[in-house]
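Based on the provided sequences and hints, a complete structural model is requested.
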Amino acid sequence: MSDTSFTGRLRSFADSDLFYSFRRSRTTVVAAVALTLLFVGAVFAPLIAPHNPFDIANLNLLDSELPPSWLEGGNPAYWLGTDTQARDVLSSILYGLRISLFVGFASVILAAVLGVFLGLLGGFVGGIVDAVIMRVADVLLSFPAILVALLINGVMRGILPANQHESAAILVLVLAIGLTNWVQYARTVRGSTLVERQREYVQAARTIGVGRLRIMLTHILPNVLGPVLVIGTINLGMAVLTEATLSFLGVGMPATQPSLGTLIRVGNEYLFSGIWWVVIFPSATLAVLVLAVNLIGDWLRDALNPKLR
Amino acid sequence: MFVFLVRRLLQAVMVMLAVAFIAFLMFRFLGDPVNNIVSQDATQAQREEVRQRLRLDDPLVVQYGRFVVNAAKGDFGISYRNSRPVSALLAERLPATAELVLVAAVLSLVLGIPLGIYTALRPRGVLSQGLQIMSLIGISLPTFVTGILLILVFSVWLGWLPSFGRGDVVDIGWWSTGFLTASGLKALILPSFMLCLFQLTLIMRLVRAEMLEVLRADYIKFAKARGLKNRAIHFRHALKNTLIPVVTIFGLQLGGLIAFAIITETVFQWPGMGALFIQAVNFTDVPVMAAYLVMVSLIFVIINTSVDLLYNVIDPRLRTDPTRATGRGA
Chain A
8 MSDTSFTGRL
18 RSFADSDLFY
28 SFRRSRTTVV
38 AAVALTLLFV
48 GAVFAPLIAP
58 HNPFDIANLN
68 LLDSELPPSW
78 LEGGNPAYWL
88 GTDTQARDVL
98 SSILYGLRIS
108 LFVGFASVIL
118 AAVLGVFLGL
128 LGGFVGGIVD
138 AVIMRVADVL
148 LSFPAILVAL
158 LINGVMRGIL
168 PANQHESAAI
178 LVLVLAIGLT
188 NWVQYARTVR
198 GSTLVERQRE
208 YVQAARTIGV
218 GRLRIMLTHI
228 LPNVLGPVLV
238 IGTINLGMAV
248 LTEATLSFLG
258 VGMPATQPSL
268 GTLIRVGNEY
278 LFSGIWWVVI
288 FPSATLAVLV
298 LAVNLIGDWL
308 RDALNPKLR
Chain B
2 MFVFLVRRLL
12 QAVMVMLAVA
22 FIAFLMFRFL
32 GDPVNNIVSQ
42 DATQAQREEV
52 RQRLRLDDPL
62 VVQYGRFVVN
72 AAKGDFGISY
82 RNSRPVSALL
92 AERLPATAEL
102 VLVAAVLSLV
112 LGIPLGIYTA
122 LRPRGVLSQG
132 LQIMSLIGIS
142 LPTFVTGILL
152 ILVFSVWLGW
162 LPSFGRGDVV
172 DIGWWSTGFL
182 TASGLKALIL
192 PSFMLCLFQL
202 TLIMRLVRAE
212 MLEVLRADYI
222 KFAKARGLKN
232 RAIHFRHALK
242 NTLIPVVTIF
252 GLQLGGLIAF
262 AIITETVFQW
272 PGMGALFIQA
282 VNFTDVPVMA
292 AYLVMVSLIF
302 VIINTSVDLL
312 YNVIDPRLRT
322 DPTRATGRGA
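From first to last, the protein sequence lines stand for chains A and B. Counting in the working numbering, the first sequence runs from 8 upward without gaps. Counting in the working numbering, the second sequence runs from 2 upward without gaps.
Keep in mind the hints are simulated off the structure, nothing from the lab. Please note: incorrect hints may appear among the correct ones.
Unchecked claim - Sample of chain B residues at the chain A side, in silico, Cβ under 7 angstroms:
(1) L18
(2) S141
(3) L142
(4) L159
(5) L162
(6) M290
Stated by the list, open to error - Far from chain A by the CB rule (all over 12 angstroms, computed), these chain B residues:
(7) A43
(8) T44
(9) R67
(10) A73
(11) P115
(12) G148
(13) D169
(14) T182
Computed from a predicted structure; not experimentally measured. The beta carbon of each residue, even a glycine, is placed where N, CA and C say it ideally should be.
Set out below in structure tokens:
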């Protein structure tokens, strides 16, 4: 493994057990392809999307409520049809995917950073700090995540003045979901910290007078980070789903900056007018996204650490 | 056992006190309680008078103590938005949620256990494979998407079932029930199915996995060797031992049903507590949020504590294996 050039690394990755088990699992490959497509679509939405759904000048109300292009009355310019405001459904989905994925990733990162920090602190310091952190974690864990997220969401809306609810919606969601999901990271990291703390290298660092904070961050931290990636991947699906649920319930992203959940909520109101495409396509996108992330998360868990099963 | 009981109860009380503290903090610091009571143009003196009347100048600990005592009596003050006592609002919506959760819970058991047994006994049957795939889809689809699909198919396209509300209800004392009218029962079908789906698949998979494991056990082989009938082996010997973890998971998931009722009630415009809670979150109606939080926590704590206690009574083997009860989903 001395070859550190890019191609060398690539070759050693292609040879690795991880890549082998990836290739062997057909569902995972399919999920990865689907996820990559969704990612690309989300990241490059402004370039790929055939229309800009937020540019009012571009909207022509004559084109509203068009069915998907392959159905009778459809317009080839609007592949998945248009909604009641003449916005292109495909473009709305691409832009919505962007927001959904952003909130998902940001809240997972927040939860991971918070959880790793608290777990490290509790495991290393012990005593009352540890007891408090773990009791809070126990209480959080005994409630369904969606309930905790709703509550944090409600409290933060109460703190913010009403005219900032729309502009701060992304932040509120990221905080609500992130603050709900840190427990699993904290528990795992605390467990491994308790083990690492006893190791010789930590004792050696202590003997030569390295500070506690430094031991925690530069000695123990790198050794307890392993499972965090796996938990993060599994939690990503959960976070995206929670965001969609909150937005669907009307306490997440506003209709001016719709995520997938918001699109489904708005589309749901027109279900009885027979324009099913405004709700079915965002729903299907959300379902595929969550399913793909979950499949990859499960595969990663089994491939990297069979003990976590 | 006695020590365990006392410790568990003490823990439950601590959790409730902590929840009450969070609710109290929300009450006290989320917006100024005075502003929510006096009119916009109240004078400083009037505000001061309200402050005095609410005794907001007492030490925090005293105020918290008073909050806990009032909450224990079921008094959570007046809703900011509806100007009515919160306890009355909740009481009026409790039957709708309770009936929905009850029907969903029963459905998940009545459908989940037989389907689980079937898929375990015929693991290679076409129907079993189909059920397995269905359950994977059912578990991955966001619940509100399932609800929307149900409405689209059964209400919009087929027109068989109502898509919103409870139908006609009959009042029995203060309890309004939808069980006694045809339209009430019809209105229950879609929401309760949507609500139970996640738990149904969970119970099905659990029964299947446990059953497959039990069927490999020595005592089952021995029962076969004794020449017992298949039916006796499957139901008398195997099923009994399968059901212990099912009871546990069922209890733990009951709390989940109450939480997920929030989503179901939004999709089907069901006039229950969850819909009330969402409205409260949307308008920062603190008394309603706090009351809902305390009430749902109380239900959770009661369920969790009884499950833990039952655990120890039913099956002492499970005491040393805490990883079994962690199956939770969003």
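Hint-by-hint comparison with the structure:
Taking 7 angstroms as the C-beta contact cut-off toward chain A, the hint placing B:L18 at the interface is violated, the least distance being around 11 angstroms. A least Cβ separation of about 4 angstroms between B:S141 and chain A falls short of the 7 angstroms threshold, and the interface hint therefore holds. For B:L142, the shortest C-beta to C-beta distance to chain A is roughly 5 angstroms, which falls under 7 angstroms, so the interface hint holds. Given the 7 angstroms rule on beta carbons, the hint for B:L159 is violated: about 13 angstroms separates it from the nearest Cβ of chain A.
Residue-level restraint check for B:L162 is violated (minimum Cβ-Cβ distance to chain A is 14 angstroms; threshold 7 angstroms). The interface hint given for B:M290 holds, since its Cβ lies 5 angstroms from the closest Cβ of chain A, which is under the 7 angstroms cut-off. Even its closest Cβ contact with chain A, about 20 angstroms, leaves B:A43 beyond 12 angstroms, as expected for a residue assigned away from the interface. Every CB of chain A is more than 12 angstroms from the CB of B:T44 (nearest about 24 angstroms), matching its label as outside the interface.
The beta carbon of B:R67 is kept farther than 12 angstroms from every beta carbon of chain A, the shortest such distance being approximately 22 angstroms. Against chain A, the non-interface label of B:A73 holds: every CB pair exceeds 12 angstroms, the least being about 19 angstroms. For B:P115, the non-interface assignment is confirmed: its Cβ lies about 27 angstroms from the closest Cβ of chain A, beyond the 12 angstroms cut-off. A beta-carbon of chain A comes within 12 angstroms of the beta-carbon of B:G148; the shortest separation is about 9 angstroms.
For B:D169, the condition that its CB be more than 12 angstroms from all CB atoms of chain A holds, with the nearest at approximately 21 angstroms. Remark: the non-interface label on B:T182 is consistent with the geometry, its nearest Cβ contact in chain A lying 24 angstroms away (cut-off 12 angstroms).
Hints 1, 4, 5, 12 from the earlier list are contradicted by this structure; the remaining hints agree with it.
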